[in-house]
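Protein chains in written order, with numbering that gives the first Met the number 0: chain A, 0 to 230; chain B, 0 to 230.
No incorrect hints appear here.
Computed Cβ-Cβ distance ranges for the label pairs, DEER-style: (1) A:Gln116 - B:Val49: 49 to 57 Å; (2) A:Leu187 - B:Lys194: 38 to 46 Å; (3) A:Arg167 - B:Tyr124: 43 to 51 Å; (4) B:Gly177 - A:Glu33: 54 to 62 Å; (5) B:Asn222 - A:Glu33: 53 to 61 Å; (6) B:Gln86 - A:Glu31: 33 to 41 Å; (7) A:Glu143 - B:Glu82: 24 to 32 Å; (8) A:Gln150 - B:Pro14: 37 to 45 Å; (9) B:Met39 - A:Asn222: 48 to 56 Å; (10) B:Met39 - A:Leu187: 47 to 55 Å; (11) A:Thr81 - B:Glu31: 36 to 44 Å; (12) A:Gln150 - B:Glu143: 28 to 36 Å; (13) B:Glu82 - A:Gln86: 33 to 41 Å; (14) A:Met39 - B:Arg218: 46 to 54 Å.
These aren't lab readings, by the way, just hints derived from the structure by calculation. The beta-carbon is built from N, C-alpha and C at its ideal position, and this holds for glycine as well.
Protein chains: 2
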Amino acid sequence: MIEDTYSMKINEYLPLRDIVFQTLRKAILTGELEPGERLMEIQLGEKLGVSRTPIREAIRKLELEGLVIMVPRKGAQVAQFTEKDIQDVLEVRAALEALAAKIACKRMDDRAFLKLQLAITEYEYAAREKDVETMIEKDVEFHETIFNATQNDKLIQLFNNLREQVHRYRIAYLKNVGESELVHTEHLELLDALKQRNEELAEDIAAKHIQTQCVSIMRFIKNKAVITEEE
Amino acid sequence: MIEDTYSMKINEYLPLRDIVFQTLRKAILTGELEPGERLMEIQLGEKLGVSRTPIREAIRKLELEGLVIMVPRKGAQVAQFTEKDIQDVLEVRAALEALAAKIACKRMDDRAFLKLQLAITEYEYAAREKDVETMIEKDVEFHETIFNATQNDKLIQLFNNLREQVHRYRIAYLKNVGESELVHTEHLELLDALKQRNEELAEDIAAKHIQTQCVSIMRFIKNKAVITEEE
DNA sequence: AATGCATTTGATGTATACAAAATCCATTTA
DNA sequence: TAAATGGATTTTGTATACATCAAATGCATT
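Build out the structure end to end from the sequences listed, making use of the hints.
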């Protein structure tokens, strides 16, 4: 009873700054706020119905996360994300996915395996209906399950950070049927390696999987660049 | 001339929040602010001679970095860092060091090799005089040189973050002569592997090097726990 | 003496006020 | 006509004021 009240309160209570933080973050990641766009405190405050204080505190967090950059005496603007930034992030993420796969090999139990299998299957269903939103969701679920299995909180934290950094570029590239099937295949392979408890193989597949993504995203960006230039 | 003025201004101008951020961060990492200690805004503001606003914004960043945790309606307190946290961080760092070593293998030039050699030598000199401060400095320099050689900004950023997370626990364990010699030896081995451009070997040594550190720090903490209990 | 309730204190969360800097636009001058 | 200058406007950086909540204190009652 006491725990119930307590946990309720935790979920219930959210400072405005955290709501603003999540709101702005989502807006940046979905592209609603475009790279280079200025984040003006009063304007955002009016839009969200809060004062400058929570806005500023949210911006401080976004700043540390690298989603916005501060120009002295000019305020915040949405960070530009170059191709190199994406490659850098994915290079690191590949290493972390490999690490996660290695650790998960030791620690995953049947329940976790079933979770992975479910995510894979639901991904497949979504892919058939070209429901990209759900596909991404299930893809995230697949990787999240592996990271959670490591029980390494720092690793999980970094994964969440890196994942979101490239999120905006993943939204669209899965629309390509070829890519989406490749993702499916690689997920199956990884699950298999994990079940075999073959650490080296799992590491290898996990890293390669991200490298594949990197190539896909790069291709996607290059195409998009051409498209948006026409607009 | 214009560039000069400009760059001067960049270095010259620092918002109070950033000064406060760096100050508090250092205080936490050096242990001046102890784990569990509350960070009260008014009190800190009086101490540092600023108002609550910059204090709060600094705390938001420390919060995202994981150095302080927020208790709803109770404010910030210095994060407790358990043994598991250290192990988690070092497990991740080992993977990142391995990645850095692999990439550095491809990219390091003679100048970088000389920098490493210099750091190693200066470390050795400092070790002879039991100048722990300089030893740590040179150790950091060694690893930093490798990470910088990767030219992967995200990797460098994460390294800086992880490095600082365990900094407070490294201050003392190098005092042990045996540990300090082991560090020296492993640095030499890594430099050798890098010069050979042997990626697999370099990865391996780099990861093992951090694992060694992890074991040392754990041993150090266990000893310290006994000591501080007596106090 | 212990418990329960009211008051008070003090801290956080949020909003607003003020100052300095940067930007923009119009006017002026060469 | 183009460049420069000066003031108005806007925005950030910082400080302070107000509201809300939590815990502590103290007093009264049992």
